[in-house]
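Visitor: Protein chains in written order, with this note's numbering: chain A, 447 to 834; chain B, 89 to 354; chain C, 51 to 359.
These aren't lab readings, by the way, just hints derived from the structure by calculation. Where is the CB? At the ideal position from N, CA and C, for every residue including glycine. There could be a bad hint or two in this list.
As the list claims (entries may be wrong) - In silico DSS-like pairs for lysine-lysine, Cα to Cα no more than 25 Å straight-line:
#	chain 1	residue 1	chain 2	residue 2
1	A	K586	A	K567
2	C	K275	B	K96
3	B	K96	C	K352
As the list claims (entries may be wrong) - Among the chain A residues that face chain B by a calculated CB cut under 10 Å, a handful are:
#	residue
4	F545
5	P546
6	A599
7	A603
8	L612
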Amino acid sequence: MITVTNKNTDNSGDVRLAGISKTYDNGFTAVQPLDLTVPQGSFFALLGASGCGKTTTLRMIAGLEEPTTGTVHLGDQEVTRLPPYKRPVNTVFQSYALFPHLDIFENVAFGLRRRGIKSVKKQVEDMLELVQLGEQARKKPHQLSGGQQQRVAVARALINTPKVLLLDEPLGALDLKLRRQMQLELKRIQTEVGITFVHVTHDQEEAMTMADTVAVMNAGRVEQLGSPTDLYENPNTTFVANFLGTSNLIEAEVDSKSGGEIVLKAGGGKLVLPEARYAGPTTTGGKVLVGVRPEKISLAHADEAGEIPDGRNRITGKIADSSFIGVSTQYVIDSPVCPEFEVYAQNIDRDDRLVPGAEVVLHWNPAHTFGLDAAQDIDAGIQEEATV
Amino acid sequence: MALVNWLKRHFVVIAGLLTLGYLLLPNIVVTVFSFNKPKGRFNYQWQQFSTDAWKDPCGVADMCGSLSISLQIAFWATVGATVLGSMIAFALVRYRFRARGTVNSLIFLPMAMPEVVMAASLLTLFLNLGAQLGFWTILIAHIMFCLSFVVVAVKARVMSMDPRLEEAARDLYASPVQTFLRVTLPIAAPGIAAGALLSFALSFDDFIITNFNAGSTVTFPMFVWGSAQRGTPVQINVIGTTMFLVAVLLVLVSMVIGNRRNRQKA
Amino acid sequence: MATLTEAPPPLSPTAPGKKPPRKRGRFTPYWLLLPGILWLLVFFALPMIYQASTSVQTGSLETGYKVTWHFATYWDALADYWPQFLRSILYAGAATILCLVLGYPLAYLIAFRAGRWRNLIMVLVIAPFFTSFLIRTLAWKTILADGGPVVGALNSLHVLDVTSWLGWTTGDRVLATPLAVVCGLTYNFLPFMILPLYTSLERIDGRLHEAAGDLYAKPVTTFRKVTFPLSMPGVVSGTLLTFIPAAGDYVNAELLGSTDTRMIGNVIQTQFLRILDYPTAAALSFILMAAILLMVTFYIRKSGTEDLV
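Take the sequences, apply the hints, and build the full model.
Guide: Structural data, given as structure tokens:
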């Protein structure tokens, strides 16, 4: 179906950033010195709130922004000082940047023509077929819907068989349903052509659905890099814990250590944290932030506290609020150790006693607990997500 | 009472249409009087219907000659002002540089200056330099006062252009020159065209600055001015009517084309 | 902007405020600016300097002029021609107010009420531009002719009695009176008022009218509290675009007025082109320029729209 396959296993599509940083004329540092390697053929996402430096990083790879320090390599070729029109890299721009004065065909053919290729018809038609826009070739960009324009932008970049395709918030202008559809579509195209994709987004769900590897950026730095599951289950910082999904963070104090488990005091109770899931110091009396995801927690009415098996972490509290979502019910629990503890309970057997005001016990498998350095801001990453 | 209410409700429409009438009345008079056959030298009073002037539009000595001079000056002034003005507009929007404020005021001042002041000072310069007044001094003056209008028109268009379009072009292997020719220029074209059209109209119709710096050269507005003293031939009205009709026709045609494009869009 | 690079090694990232690497495109803006700016400097700014110098020269055409710092020319010019200055300001002011009063309803009509007629009305507003304004001004001679229908109607309604009493007209005549000049000025500069008004009115969201109505504002109140304040940028640029050229105009005063309606433009023109008293003419022109710049600055400050241009 497609002529641009590039499934070789060489490293010519690697993107290697070494010590790259960007400081603007006004003194603002958008990107702190950064090392990053994106392997050939991977789908890599740069995730972060606006202003975190992700777009600047992308633009430095594209050549649209010149790094203040450091180097950019594509495979073995250094491209740091190469202008964008000499780099084997193409970009899908935010809000697409389709040329309004050219029709769809000419938009897609633009890159080929600039490289002096005369017979572009066949290639352009194949490419438009790939993105299912064969019928629209002679229309102008403004005559297409948002989703169609998005596909033109992808076709216009992909037709040049770049070594790396850069996507700058490519789905930002689409509505929710279309965005989900296009996420799968882009993933399909990437698998098909095997080109390295570097995708910038502020949408954590988008990053996790599409990418093999996600780099979470904050204030010009990469906070954490890893697979979506890894980032979600083992956040290294409070920023990542809060920015990716929701985390309940409890301030606790080290009580004792035994057999690979740390026992912590929080409020009046005790919590158990696997030693493997905490990288910080564990001297007795040291502070630790204990985290647990809302969907890992079970909720029991206080009357049934006795039926909870031993060996589970437990916290008592009172239901402050509950909202019925359909597949689940989300509870906010007011607890002495954490004022707004969130719990997502699957709607399998609903307990009618679990209404606001009810006394409850929260309990979960200690294996689902993670620990974070208590020196950090406990709310880092919460605001950012709320504003996007 | 009903009438009062009706007037109240349609006040804006009535007042607006009255103003429109005020604007168009002279054009109607010009057209009607192009069919007049006046007694004496002045064409201010209706005498009798005649198509003589329309049959012989160049029948007045020197009139068509002055028309041709005006058209030539307007053409070259448009070319000069459009090229120089567009260059300034691009520099202002696309680059950061020192003395930006000074450049902006230098662009703004000619538009905020009464024509007679510019006319008089320019004449002072030409007299001091001992320049021969005529075609070239008129052209210099026209390029000068049209320039600012072109800058404003082109600047507005280039400013509203998404800078990502140029980045996209460079990303798609277009060199800086190709980017300019293939993307920037075509997208800025409507602004440049608007600036050029305005320049042509301003230059063709200018009287005050031309009158000061023309020497013995006579442009069409100067011919009309002179005839207001010596006697107004009906042919002036013929030219005036033709200009009005051509303008309306051009605008209507461009609008019909625009509408058709819009309809294709939908 | 520029990406053509042969850059020296990059600077340390801890040095904010330092210049970015040198770029080959650094001089591009200056090359783009050079010809046009040079043109304006030589043919706009330099003449102003020549004119300033001329205004303080003394001498005669035969013996030549010399700079003698003779500032008395300014006082003499003001003493001799203050009525013309005053008249210019008054006529231009009256024409500006009339333009605003007449132009606003039409701009409003085009922006909100014209519907599918909008484009046609726009064409009819702009098209007269393309007919020589001198020809159109001469047409007013016919329209306001003595004993013509307009004058006849005004006479029978006793309007002319009132205007004569006010000193705007004389007897049964409209032509060759201040009224005719103001009427011509208003007519000539009306489109300069309508276009900026229309531009700023068109930007107003029509739903604001509905919102105001919904919040108990009568149509008149809506206009006073919502529409008019929002159209202020258009009002300011419209009045400037009308007042400035009107104050310097001499065509209307010459064609439609009499010796009693001469404006400062007429004086400057006569001094320069007929009497050839260059110092006086230059001084007058300078006073006019200074007066207008002062008034415009004051007005823009007052109306608080400095970012108008």
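Visitor: For every hint, state whether the structure bears it out.
Guide: Hint check:
1. With a C-alpha separation of about 17 Å, the suggested pair A:K586 and A:K567 falls inside the 25 Å cut-off, and the hint holds.
2. Note on C:K275 and B:K96: the hinted pairing holds, with a Cα-Cα distance of about 19 Å set against a maximum of 25 Å.
3. The hinted pair formed by B:K96 and C:K352 fails the criterion: a straight-line CA distance of about 33 Å is larger than 25 Å.
4. Taking 10 Å as the C-beta contact cut-off toward chain B, the hint placing A:F545 at the interface holds, the least distance being around 6 Å.
5. Below 10 Å, beta-carbon pairs count as interface contacts, and A:P546 has one with chain B at about 7 Å; its hint therefore holds.
6. Interface hint status for A:A599: upheld, as the beta-carbon distance to the closest one in chain B is roughly 9 Å, under 10 Å.
7. Below 10 Å, beta-carbon pairs count as interface contacts, and A:A603 has one with chain B at about 8 Å; its hint therefore holds.
8. Among the interface hints, the one on A:L612 holds; its C-beta lies about 8 Å from the nearest C-beta in chain B, closer than the 10 Å criterion.
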